[in-house]
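Below, each chain spelled out in residue letters.
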Amino acid sequence: MKNSSRLAAISTFIALTALVSVIAFSWNWAGPTLQPVIAQGLAYLIATIALYLFVGNSGIFSFGHIAFMSIGAYVAAILMISEANKKLNQPDLAHFLATTQMNPLLATLIGGLIAAFIALIVSLPLIKLSGLTASLTSLAVLEIVHVVAANWINLTNGALGLTGIPLLNNVTELWLVAILAIAASLGFQQSRWGRRLRASREDEVAAHSLGMTVNKDRRIAFVISAFFMGIAGALYIQLLGALVPETLYISATTMILIMLIVGGMTSLSGAVVGSIAISTISEILVKIQDGVQVGGIDIKGPIGIQPVGLALVMLLTLIIFPKGITRSREITFRIRMR
Amino acid sequence: MGLSIALVFGIMRLVNFAQGDLVMVGAYGSALFSHAPWVFTLIIVLVVPILFALIIERIAFRPVRMASDSTLLVTSFAVSYLLESLVLLFLSATPRGVNLAPALGHPFNIAGLLIPWLDVATVGSTAVLLVGLSWFLSKTRTGVYMRAAAEDFTTARLMGVRANRVIAAAFAISGLLTGVTAYLTVAQTGQVYPAMGVNLLLVAFVATTIGGLGSLSGAVLGGYILGAITIFIRAYLPAQLASFTQAFTYLIVIFILLYRPQGLLTSKLNRTRV
Numbered sequence: 001m002k003n004s005s006r007l008a009a010i011s012t013f014i015a016l017t018a019l020v021s022v023i024a025f026s027w028n029w030a031g032p033t034l035q036p037v038i039a040q041g042l043a044y045l046i047a048t049i050a051l052y053l054f055v056g057n058s059g060i061f062s063f064g065h066i067a068f069m070s071i072g073a074y075v076a077a078i079l080m081i082s083e084a085n086k087k088l089n090q091p092d093l094a095h096f097l098a099t100t101q102m103n104p105l106l107a108t109l110i111g112g113l114i115a116a117f118i119a120l121i122v123s124l125p126l127i128k129l130s131g132l133t134a135s136l137t138s139l140a141v142l143e144i145v146h147v148v149a150a151n152w153i154n155l156t157n158g159a160l161g162l163t164g165i166p167l168l169n170n171v172t173e174l175w176l177v178a179i180l181a182i183a184a185s186l187g188f189q190q191s192r193w194g195r196r197l198r199a200s201r202e203d204e205v206a207a208h209s210l211g212m213t214v215n216k217d218r219r220i221a222f223v224i225s226a227f228f229m230g231i232a233g234a235l236y237i238q239l240l241g242a243l244v245p246e247t248l249y250i251s252a253t254t255m256i257l258i259m260l261i262v263g264g265m266t267s268l269s270g271a272v273v274g275s276i277a278i279s280t281i282s283e284i285l286v287k288i289q290d291g292v293q294v295g296g297i298d299i300k301g302p303i304g305i306q307p308v309g310l311a312l313v314m315l316l317t318l319i320i321f322p323k324g325i326t327r328s329r330e331i332t333f334r335i336r337m338r
Numbered sequence: 339m340g341l342s343i344a345l346v347f348g349i350m351r352l353v354n355f356a357q358g359d360l361v362m363v364g365a366y367g368s369a370l371f372s373h374a375p376w377v378f379t380l381i382i383v384l385v386v387p388i389l390f391a392l393i394i395e396r397i398a399f400r401p402v403r404m405a406s407d408s409t410l411l412v413t414s415f416a417v418s419y420l421l422e423s424l425v426l427l428f429l430s431a432t433p434r435g436v437n438l439a440p441a442l443g444h445p446f447n448i449a450g451l452l453i454p455w456l457d458v459a460t461v462g463s464t465a466v467l468l469v470g471l472s473w474f475l476s477k478t479r480t481g482v483y484m485r486a487a488a489e490d491f492t493t494a495r496l497m498g499v500r501a502n503r504v505i506a507a508a509f510a511i512s513g514l515l516t517g518v519t520a521y522l523t524v525a526q527t528g529q530v531y532p533a534m535g536v537n538l539l540l541v542a543f544v545a546t547t548i549g550g551l552g553s554l555s556g557a558v559l560g561g562y563i564l565g566a567i568t569i570f571i572r573a574y575l576p577a578q579l580a581s582f583t584q585a586f587t588y589l590i591v592i593f594i595l596l597y598r599p600q601g602l603l604t605s606k607l608n609r610t611r612v
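Just so you know, the protein sequences line up as chains A and B, in that order. All residue numbers for the first sequence refer to our numbering, where the first residue is 1 and numbers rise by one. All residue numbers for the second sequence refer to our numbering, where the first residue is 339 and numbers rise by one.
Be a bit skeptical, because a hint or two may be false.
Unchecked claim - Residues of chain A clear of chain B, computed beta-carbon distances all greater than 10 Å: (1) 83; (2) 150; (3) 179; (4) 192; (5) 310.
Stated by the list, open to error - Per the computed footprint, the stretches of chain A lying under chain B, defined by three or more beta-carbons under 8 Å from a beta-carbon of chain B, are: (6) 135-145; (7) 318-328.
Claimed, not checked - In silico negatives: residues of chain A with every beta carbon more than 12 Å from chain B: (8) 4; (9) 9; (10) 117; (11) 128; (12) 148; (13) 170; (14) 183; (15) 193.
Hint data in this document are derived by calculation from the structure and do not stem from the laboratory. Even for Gly, the Cβ is constructed at its ideal location relative to N, Cα and C.
Input sequences plus hints: build the corresponding full structure.
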């Protein structure tokens, strides 16, 4: 029994990795207009997987996860922007920060670690809350991070934001991190902690009666999830080159929530498929908004059609497939053992 | 605002994200008809959110009513996003200035204190609504049905409470409360913009959460506590930290929740027994 579930997990890993790899490699053949779309799509993919790791396993909806993406992004940006640029934008930065300029890869990793560390601190009080109260409080966390980012002028340059962030010129890192996130997520799902957490998601009272205390498991999921969120944020801003407090706030939150919901909240395949589907739909809508020619016919939608389209997709999905387009199943295939 | 969230939550265990956007819709209603006589504008602001609340309930929430708490939460989130994007699509993102009820802006004088009529109107309408709602819930048939449904929805249905009608009524009332919120907010700030709902909603959510989800008096108490904390922090925080007021407010809120995870006034049905 245990063996077969492990095999199923391995097959899911292979299927999802293949899917992500196809998308990552298509970057090489894509034109200059499509390349950033693919790269940003991959960054969102990582963030959605990270969100799934917590929400999908614990069943607690978090509206605040983008806060950790923002933290990762700010930490990485401050560490990797060149000294000259910092003098220009942040004259009051503490000396040791102003003079360091790290390798982007290292800065990204530190961004993830600090996001995870802050998640650990935040989790101390938040873990005591249950269900809906926790969901609403996570919004308060997002708000706190946003207020700090907008007002700690010395560190973040406030609403003017940071510029001169070194750009990524390929998707290798995004691809590797996406695969790592898939592996971590599946590994967690298979682990003792993940299974306990899923049990508590289905029926918290029953899980308690079997002697499971899930607070620790929740915390583990929360911290791992925040780590990948931070990394996703750090990579994401290396695609944009600039960072303001609004970059990672309500609209980004909406985006990853739509991705997870449309895909299917309680399966990893849902997170992956959902984020790919939504990135595609969103890009098509943006194209229509800008005006495209299909078969000689001009199609031009009104401005603002993209969010309306996404909202409709999300609402219809919830009504027609309440468990998402993957029905919250994992993509598996049978591996023959001789 | 907090009141209407508490009401819908109590009955459906639904935290309605779209509530904030109903305020926004109502506010736009006032903006589009701001040149009409004030009674007409007031009626528009009150009626439009009620209509929207009923439409939303019928189209979006009825199909998913039996689903889990978080599905409902997410559905309301989707509705909220849809409303906001529709306003972006048909109107625009730029804030519009509205001068609603200029008469309310004038202060009047009590023993040397200048008090704007608007503040009186705000406090007065909150009191009227609270009393009216308590009367409605305890004295009228629909109100009693509503409380029964909040207590135990399945049993209430078995006893002959019409589920659709009660929930629709709850949504209509929440629409009315939202309309009042919209009118007062626009009169106070003189501006409407698509994201205004979200900002208000956050405050209302936090207020209802500290007050205790699903408890009406808790919602009012939560609102006042939140206001008090904000003013207190603003007064005692050193000037260079003033811009962080909101962050500190939410921090304190989190600590309150740490000691009272269920909120200050808890409704009984809300506790999970383990």
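Here's how the hints hold up against the structure:
| no. | hint | result |
| --- | --- | --- |
| 1 | 83 | holds, 27 Å |
| 2 | 150 | violated, 8 Å |
| 3 | 179 | holds, 28 Å |
| 4 | 192 | holds, 21 Å |
| 5 | 310 | violated, 8 Å |
| 6 | 135-145 | holds (count 8) |
| 7 | 318-328 | holds (count 3) |
| 8 | 4 | holds, 29 Å |
| 9 | 9 | holds, 25 Å |
| 10 | 117 | holds, 18 Å |
| 11 | 128 | violated, 5 Å |
| 12 | 148 | violated, 6 Å |
| 13 | 170 | holds, 33 Å |
| 14 | 183 | holds, 26 Å |
| 15 | 193 | holds, 20 Å |
In summary, the numbered hints that this structure violates are 2, 5, 11, 12.
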